[in-house]
Amino acid sequence: MRFVHSSDWQLGMTRHFLAGEAQARYTAARIDAVGTIGALAVEEGCSFVVVSGDVFESNHVERQVVVRALDAMKAVPGVTFYLLAGNHDPLDAASVFRSVTFAENCPSNVVVIADSTPVEVAPGVEIVGAPWPNKRPLADLVSKALGGLTADGTLRIVVGHGGVTSMAPNPTDPALISVDAVGSALTSGTVHYVALGDRHSTTQVDSAGRVWYSGTPEQTDYDEVDPGNVLLVELGRGSVSVERRKVGTWTFVRKHFDVGDREGIRQVERFLDGLTDKQRTIVKLSLVGQLSLVDMAALTSELEHASELFGALEQWKRHSELVVLPDDHDFEELGLSGYGRDALEELRSIGSGTGEEASVARGALGLLFRLASVER
Amino acid sequence: MRIHRVKIGNFRAITSVEVEFPTEGVTIIEGPNEIGKTSISEAIDLVLSERDDSAKRRVKSVQPVGRDVGAEVEIEMSSGPYRFVLRKRWHRQRETVLTVSAPHRLQLTGREAHDKVQEIIDETLDRDLWDALRIRQGAELHQAAFAAGSLGRALDAGAAVGGPTDPLDDLWERIEAEWSRYWTGGGQAKKERVSLGERVHEAKAAVERVEDALAKVEGDTQEVERLIGEAKALEARLAAQADEEGVLAARARTVGERRHSVALLKEKCETAEAKYDTAESAVRARVDLVERAERAADLVRELTAGEVPTSGREQASRLDLEEKVAAARGRVLQLENDHRRAVADREFRRHEIELGQLAERHERIVAALAARSAARAVVEAARVDEDLLRRIEDADIGVKVAEEKVASGVTKLVAEGLGEVSLSVDGEETPLGSGEQRAFEVADSIDVVVPGVVRISVRAGDGSRAIAEQQDRARQELREACLAGGVDDLTAARKAFAARKDAERALLDAKESIARDLRDLTAEEIEEKVAGLRRRVSAYESERDSDGPLPTDLSAARQLAEELEAALAAGRQELERLEEELSRVSQAHVDAVARAAERHARLEQARSALHGDEEAVEAARRAASDEELTRRLEAADSELAGCRRELEAAQNELAEADPDSVEVLLENARAAKKRLEGELHGIEITIGELRAKLEVRGEEGLAHKLDAAISEHDHLSATYEELEARAEAARLLYDTFSRHRAVARLRYVAPLRDSIEKLGRLVFGPTFEVDLDDDLTIARRTLDGDTLDFEELSIGAQEQLGMISRLAGASLVASDGGAPAIFDDALGWSDPLKLDRMGAVISYAGRSCQVIVLTCTPGRYASVGSAKVVRLPAPGTS
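If you read the sequences in order, they're chains A and B. All residue numbers for the first sequence refer to the numbering used here, where the first residue is 1 and numbers rise by one. All residue numbers for the second sequence refer to the numbering used here, where the first residue is 377 and numbers rise by one.
Wrong hints could be hidden among the right ones.
[Claimed, not checked] Computed footprint of chain A on chain B, listed as stretches where at least three residues anywhere in the stretch have a Cβ under 8 Å from a Cβ of chain A:
1) 590 to 597
2) 608 to 616
3) 1060 to 1073
4) 1112 to 1122
Derived from the structure by calculation, the hints contain no laboratory data. Even glycine gets a Cβ: it sits at the ideal position worked out from N, Cα and C.
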């Protein structure tokens, strides 16, 4: 029994730091991933794919996204996609799965898991889903779904979404999936695999390797540890094998640099230069340091150059602190004298401090430098 | 900078000249214009700035005309630490040679030499100041344009030791320009910034709008969830309600059954009651029947006992009374007859008297009418009334008066017959006896003819004729008046008037008499009345019956009538009394008869009733004996009591089932169920509506819109922040520079002003003061308390002040670096007195700086005390 476990497609997600063309490519890549997953399923002889929640970024995604996603799934012959509603696209009254657009375009090989009633996907094989009924469920939906099941020899795959108790940042959340409950259901042979979604990084939850987060097929953010995968699951009553397959094409990279001197700037250059597949790489830099005008010009030029190459290049503002303070060298050649020199000294004195005023003063110095240089 | 020596050759018209300058002090170079004392300053300029291969016009123009030689200039000068000799030749055999002697010896030629000189100049000389301190001939009469920087730097002790050309003013302009890109003159943010800020704001609002829309959708979604929960709770409550309703319905059924059996028992009771009532009424009817029969027997006995016969006495008194009534009636009739006749007699007698009186009145009237007619005839015939009589009297008097006048005043002809004679007087034969005298009044004329003898014509005068005419008129009047009165003369008139008066009085009397007797009647009416009365009187006399004598007169008749009237009243009263008594007696009789008949009828009736009753009792007893009836009543009574006991038991059972509350509860349960169903339905409708709304909203792609709006906002606010940061930077730069600049100016202005005033007082006296502008030019000059703008000063004064300000500037900067002040034929506009004074100024300034004065007017600067004068040779000499 082989199938593909995926989740967190989050179709319709936009990344505002992606400028026009990159945004389009990124959006397309997420839809393309659906096709890639389908192709993988066909190639590996899987008859179905489970998507453990957050198929869509929101219940309010553009309807064009819905149509394209359904079209991409329709194009995969002989493979059924079982879609679960997650926290992003819960089955509430505004659910995208219940929209007219979805209903009108839903092909026969796409099944939305409407509730926890077991769905037979092959003789003796059932899927038991725990869809999110709304954005804030007040109970562990998976445990509830397990409630009515007995070990009757049926091979069961549980499809769930959300954090688990063993790795939750907020352990008081009542909707957390109880690892213990899942564990005992596995032990008793009531269920045999738990396909989870929500974490964008591919993660094995239990030691037996029957509870997994597949992770998102296309990376969506910098802090995802092992994204871009789907899981190819070979499941038997007594055996399980899970294999991760890379499908993602985009990479998010975040890096910190000290650029207080020339060497720092050169490090930034080397780092950016070393990244491959720049078109589909989104870089966020946090840059800290005090630069002279000359160095700042060099750094700016490098960054401008890089931003042409990469999918996106942004500065991590919260973690960046670039202080441009013109040094003696910068102004030496300007040869200001008289009151010009007095004014310059005053600005430098303010600029060497901290806070808003200092920042304005540094701006004024940069401007002075530019205006005085034009003359020469 | 100091110029020590200049040597020129083949420069314009000058073949060769060499001038040495003292380091301090004034050098006056005199020379004719054509020779070009200007050439000296021009040569200094060219050698320092133009390369030997320059093809500029100003270079070309200095080549001597018509000689194939190159112009040549050699200058020895010091500037900063440098001292050097520079020699250049243009046009022919071009050459540049630089020999530096300090601080290090150095010799360069050609391009290198030129560049080195530029380097030295740029390093040590303020070109602006250099330009400012020169007055070229005729060109700059006005003020020195000291760049603040130049003078400032020169004045600034720290920066005084050499220094490159200062770009500060240009920089300042750029800073201002940059500042004004972001700020308005008033220091407000420029429109572009404001509008970008507004766009940021709008973008934020757009984000909020989409967020609001999403929040609303989220709210609706949650509302649907909540409503679904509520619907579920309602369904549960509905089910519970249905259960309760079932229980209550069962209880209600029990109540119904018991109620039914109570109803049945009630019916049974009613039947038993009816039966009892029947038995009871049968008993009562029997008792009644028996009692009635007994009462009938009593009645018959009573009626039989009470019968009595009528009496004959009553009858007799009634008949007697009837006779008395008849007699009284006859008496009354007789009296009525007598009374009627007496009244008629009385009337007759009254009519008789009336007739007599009326007839008398009638006779009087007839007589009066006749008298009235006669009097009226007399009055109508007698025409002389009072007026006419007076007229006649007057006329008579007039005649008498006229006659008097005639007698006294008319011409008279008196003829006396002497014999008998017949005279013809006015043709009328008038005999005249002898002795007879005849007088003729001559009114007009008169002809008296004695036929055959004489004709005597007498003509009256005018007076006589008038008197005669008057007499005629008087007579005529009398005649006419008498004629009107139908009388002959006054006497007759008076008689006629008296007769008329009498008749009038008679007429009045008759009228009065008639009126008195007629009163309100006419004569005819009275006549008719008389006739009528007469007829009635005679008719009564003939028609009256003879039953008694006619009373003799009215008073007798009246008395008789009264007596009869009293008798008649008494008779009538008696009759009435009798009739009444008769009536009473008759009615008593009728009543007695009726009473007897009634009693008889009643007795018959009672007997018949008694008979019927007795039969009925007998028949009833035959049907059921009295004892039988009593027994039946007792049976019915006992049955009824049994039924009532049963009913009471059943009612108690019903009450135990609490029928009222069961029904109320059941009804309430049903209403509650219905209400819950309504609520549920309402909620389902709301859910449906919200779902429809959400469906529509879902199609809008709000998530995407929000992303787009956020991106737009982020982008705009980044741009805006950057712009604002630039604006703030520009502002700070501008403010800082502006402040320092102002401070610097202040520092330069004071010494320059002091220096200008010090020199100026030499020329204009101790009250001389100046105000300097921002650009260090003289704005105003004050003299003896009188302040004028620079432009208002005379050209001479402007020229003098221009020179003074240059000298002041040059003095200030001379101690270190600086540049010589060079004046090319200045002060052309100054009067001799001022010129003298200016000489003192130049001389004084020359103590602290190098001053070079060029002039083509020898003697113009004679007053300059300590000056070295160099006279340029005439052309062609050397």
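We went through each hint and held it up to the structure:
Check on the stretch 590 to 597 of chain B: 5 of its residues sit with their Cβ under 8 Å from a Cβ of chain A, so the three-residue criterion for coverage holds. For the stretch 608 to 616 of chain B, the stated coverage by chain A is not satisfied: 0 residues place a CB nearer than 8 Å to a CB of that chain, which falls below the threshold of 3. Beta-carbon proximity to chain A at under 8 Å applies to 6 residues in the stretch 1060 to 1073 of chain B; the threshold of 3 is reached and the given coverage holds. Figure legend: the stretch 1112 to 1122 of chain B, annotated as covered by chain A; annotation consistent (7 residues with Cβ-Cβ distances under 8 Å, at least 3 required).
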